Amino acid sequence: MPREMVTIDANEATAYVAYRLSEVIAIYPITPSSGMGELSDAWSAANIPNAWGTVPTVMEMQSEGGAAGAVHGAIQTGALTTTFTASQGLLLMIPNMYKIAGELTPAVLHVTARTVATHALSIFGDHSDVMATRQTGFALLASRSVQEAQDMALIAHAATVRSRIPFLHFFDGFRTSHEVNKIEQLTVEDMLALMDEKAIAEHRARALSPDHPVVRGTAQNPDVFFQARETCNPYYNACPGIVQQVMDEFARLTGRQYHLFDYAGAADAERVIILMGSGAETAEETAKFLNARGEKLGVVTVHLYRPFDARALVKALPATVKHITVLDRTKEPGAAGEPLYKDVVTAINEAVSGGFAPFKTAPSITCGRYGLSSKEFTPAMAKAVFDEMAAPQPRSHFTVGIHDDLSATSLTYDPAFSIANPKTVRCVFFGLGADGTVGANKNSIKIIGEETNNYAQGYFVYDSKKSGSVTISHLRFGPDPVRAPYLIGQGDAQFVGCHQFTFLERLDVLKYAAEGAVFLLNSMYGPEEVWDHLPREVQQQIIAKKLKFYVIDAYEVAAKTGMGGRINTIMQTCFFAISGVLPREEAIEQIKYSIKKTYGKRGEAVVQKNFEAVDHTLANLHEVKVPAAVTSTIRMRDAVPANAPEFVREVLGGMIANQGDDLPVSKLPVDGTFPTATTQWEKRNIALEIPVWEPDLCIQCGKCSFVCPHAVIRQKVYDPKLLAGAPETFKSTEAKFKEIPGMRFTIQVAPEDCTGCALCVEACPAKDKTQVGRKAINMAPQPPLRAAESKNWEFFLTLPDADRSLFEPTTVKNSQLLRPLFEFSGACSGCGETPYVKLVSQLFGDRTIVANATGCSSIYGGNLPTTPWAVNHEGRGPAWANSLFEDNAEFGLGMRLTLDKQQEYAVELVNALAPQLGDVLVEGLLKADQSNDAGIRAQRERVEALKKKLTALEKKEPRARTLLTIADALVKKSVWIIGGDGWAYDIGYGGLDHVLASGRNVNVLVLDTEVYSNTGGQSSKSTPRAAVAKFAAKGKGLPKKDLGMIAMAYGYVYIAKVAMGASDQQTLRAFLEADAYEGPSLIIAYSHCINHGIDMQKGLEQQKLAVQSGFWPLYRYNPALIDEGKNPLIIDSKEPTIPLEEYAYKENRYRMLLQSDEARAEALMKAAREDVKKRWELYRQMAAIEYNMRNPENGGDQK
Amino acid sequence: MVDLSTTYLGLQLKNPLVVSASPFSKKVDTIRKLEDAGVSAVVMYSLFEEQIVHESLALDHFLSQGTESFAEALTYFPDLDHYNVGPESYLELIQKIKAAVSIPVIGSLNGISSGGWVDYARKIEQAGADALELNIYFIPASLDISSQELEQTYVDLVADVRRQIHIPLAVKLSPYFTALPQFARRLVQAGANGLVLFNRFYQPDLDIETLEVVPNLVLSSPDELRLPLRWIAMLYGRVQADLALTSGVHSGRDVIKAAMAGASVSMAASAFIANGPGKAAEMLEEIKQWMEEYEYDSIKQMLGSMSQKAVAEPAVFERANYMKVLSSFDNRMRGL
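So the protein sequences, as listed, match chains A and B.
Number 409 in our numbering belongs to position 409 of the first sequence; there are no gaps in the numbering.
Number 215 in our numbering belongs to position 215 of the second sequence; there are no gaps in the numbering.
Bound conformation, chain A alone:
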């Protein structure tokens, strides 16, 4: 079978091989490797066979640790097995990796190398995870490109069965895993040709079987363990040879020759860089470029890093080498050097002393770090490394790619240095996530790669925000293979597309444009008037760089052709029309072919809609006659306002403006600590429409504010006198709060922070009696309101927050007088999680510490540049931290233990110092009622008084000094442990169970979206039966785990199941009760999610239907009631009133199964209906049990 040229990313290229060479695949989602698991699951669901004709079994596990365990078991019983992972996931596999390697069992782990979380989490690429496994005994095989990722995947699978050494095959996360490139795809015949059937048979023969039983995993003692450990040496010694043999066979098959260490460069090179991963390709291309200009440079690419074959390394080096620099894409603080460097030093040393070196004089060896967390590694940086080697005293232990003004480690480099191939076309596109730009560019690069003779590469840079996110696509294509694993540089692009006009005022889009480049702008202004609407800086660049400037009103074309907000096809057509990659007619034919291929299975209407968009595009594409002079008075906006704090302006502002790469080391916090309340400075203006309040209709119920995911709609009651000086359009009405009479009331929207989700309008119950379509809150276009409402918002912020001691927040209405201390997050527009998080911040924020599991809530809660956790007027607010995905419950418990211990110690010290402190204060402190805000305020005042006294005492009384440091522990503190269902039901379940069982006073909030939302919707044990999710592509066949019921078994855990769209009051009550309960609390909160495939504006409606159908019964289980002789279980929702389908089939996750496999959908839905019925019946019976047993010790009867 001939090999095809395909244009795919490395995840797909690798999974393609791994799937075909495996029988059992254990999977678990983790960025950036999830794609490999998703493809495997989808292929298995579609019954695609492996190379031997059987469909691999794909099993999702509860964690990477679980996946490693399953791999271990599968290989022990003789299966060909693989898994995919990265970063912390790989770290969780380490214990099993030792075992797998120790038992000499073949297996392959494919790893998208990703940063391990230290001072911060990063989803991006470096080798810190892989380096943490180099001692496990696994072979480590590195790829540096998409083509290599596929090829090395095969080499790893072939070599593992022959060598018995398990393999970890890795490539750079995102840079390689997500780069789309044109590669030659291997055939199944290629794969089978390298797989040694005899070795496979031997692997199976070694498997555990009762037919020929053995024991593995014994406990050994000092007498033999050491000797036994040394028995594996021959296998490790043989492994490099086997790998090279497989590589040689591979070369005979495909023509692509790899070596354990591949040398490229001048045969007589004097300066050589040694490195692995994608950076090697950059270094090699740079050396080639510089050698052509007279330099003598070389690069060694490390493929087989473990077992490390020193002889093969030195053999690869030219005898002329005088200086070697080893570059590591990892940091090992405190080490004598990073790992690859130390390996090379050892190898060279042994080669020289052992006499097998090709050179007489040992070269000098230096080292450096580059590319942590996908930091760019460009030819300019590679050149700086080569240049440094030529210095009289080359520096070592340097960094390259950053400006280290703290420890002066960094090399300087010339950012203007470029090795760009003149035959390659480079294009940069700016888009919004929602407009489909990336999808269109992936499509374009596929068309160019697969339908022309060109080579093509695409790489896509995404935002840290989930709503209103900016995407930047970097596309290269041309007659030569594209070996450039770095972004297109400034002034290097021949084509710049800006798909959103508003970007021009905040992003320097044209910095990428080369002289004479094409600039395509999606503009509501036509060719005649657009010039006058461009910022001055844009006009300057267009003129200075002599750009050819085109405009199209893509949104108008999209609206006319039914495309809505998706302008992908339109902009793609423009790109092909202007760029001339293909003749216009042919390009349009290819685009249409591609539309049919991409969308055909979604139905003819979709295809036709896109065809129509293509057909209407060219008539609306216009070239702009560029004037000779800059005329604009419009200036680009500052990233943050001038009145922002210094740190926000200088550090976060740089990140917002896409200039974070330029920040020097000294500007960044040393330990990952950042100030809170910074989202307020990042005005994103992403809403097309915002809510407008109608005071005449408003009933002041607070529902709009309650449900707002971004805390942009707020209410205040205040003294009427404060309205003096209010902006002209500031609205107010008489307040209707009985506890605070005689006040004015305002609902105000933050116009520049709103995402326009309209959940508030959906929640608003007040309708105009003369025109029911008009509510007390209605959406209206943002631009005309922006200026006035921004002023109103600023004024609103100057009004004082309501005095918390004047009212109880026990009603939805009252609760919304509390200031949200979680605001303007980057969560999806209409997010179903954030309203719950915000509620925690309102009710308890000034005394809460949050332990946040990794996931959506840690990303919108803690992703830079700005973070949403905020402070009140006293500077108090939630303190927040994220540890890991799997340990969040334990992390939160640790916090509780400290708080309790400190409180206990403080009480001891207060008692000890009582004589000096005075009885009144001591008694007040120790017997304080802190059950409400008034009580907490009084205690804070007492603690302040205490501190004053202690300050006076501290000189003569050391215990006073100690008490001063922990006195705040006397004020009640809440610990909220927050995370999603992936954490609570799966990876963190063991810890959660233990923490709930501990009886300690922690509050657990599970934001239940029923999938791993943050990684794109993989199934968890919370995923309901009959729903489709990634890793459950056939529809989940088993019911949702009942976490609440499991926790009820303890009898002393407060549990509530809530859905604010169904009952906001029940939600509020549950949160208040959970916090008040002096023991562990668990709230499971229905969180509608983009992963459900719903119109997010209807999220609350879906919550209501979920409850009405009985799918999500509302209840509270309050153990405190048992002492009162009451049943602790209170069901707060009614018996199901609508069929499950009425709820479920409004969601794409259920409907798509109906559309793809109706028979299975019906069978699963029938079973799901039974699930609902049975669960309801069980709850009903449990809630009906008599609990009138009085504790005899308390003098009651026991029935």
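In case anyone wonders, no lab produced these hints; they're calculated from the structure.
Hints should not be assumed to be uniformly reliable.
[Unchecked claim] Derived DEER-like restraints, expressed as beta-carbon distance ranges:
| no. | chain 1 | residue 1 | chain 2 | residue 2 | range |
| --- | --- | --- | --- | --- | --- |
| 1 | B | Gln203 | A | Glu23 | 55 to 65 Å |
| 2 | B | His54 | A | Thr733 | 40 to 50 Å |
| 3 | A | Gly562 | B | Tyr294 | 50 to 60 Å |
All values reported here derive from a predicted model rather than from experimental measurement.
For every residue, glycine included, the Cβ atom is placed at its ideal position computed from N, Cα and C.
Chain A is fixed; fit chain B onto it per the hints.
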């Protein structure tokens, strides 16, 4: 032995009781049960142009929503192999029903435009349908569409579909036409072999507590028979097409009335939904007994026997008829 057989759209039917387009035809099993109960043909539920387009666009929207925006979640759903958002599953169902039952199966197509979707008519024919019912279902809300334009659209559509297929074609109409007889004739001239009177619209209701407009479909009631009965009676013998009566057929007597007015067949669904498929057998038995009691030999004998053409006072179906009902109603009121 009375002869219940009838001819509709050239199809020889064992009796005039046909299952109208309804959810019954979504399952082979229920159709089989109705066949066992004696119905003579089944009209499939409608393949809705609007529905197909909507499902396709909705699927695309939700599969695309939020994608390629955030690095960790470039998509939100697995890419499944195929989706039955086109007419394929409908066509497969026709094939399955045809294989499972021996009564004729009439496909039903619902649409308002003359676009590419009329291809579906041909596909329904290819799937084995014995005839096609074109269910034109359109609420003319625009102030800019005149009745002439609207009627012309219908006529063009019928002609378009006629060109696509060789099997008989029936057109199901709404009662809201100003000059129904003339319009009916135009439809027949455009190629309709039969007219089905009338389809029933989903009528929205108002919830006066929540102030929401709520979609609502209630089962037909026997009173609804009157409207189609009159128009069948008026059209019978005057347009060259078979007539079918639908709406309000709940008993054997209703079927007899329809036949006497001129309907070759009566179509029922609400009666079966409310009482189960066994209701068909009851209705047929009722017809038989009535015919025996009143000594009718066959349905053909009574067909159109009380149509406007056949009654002694044709005007009774026209305006006077209205006056008479009104006065009898007044008399009843007075009698209270």
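### Task
Would you list, in rising numerical order, the hints stated earlier that this structure does not obey?
none
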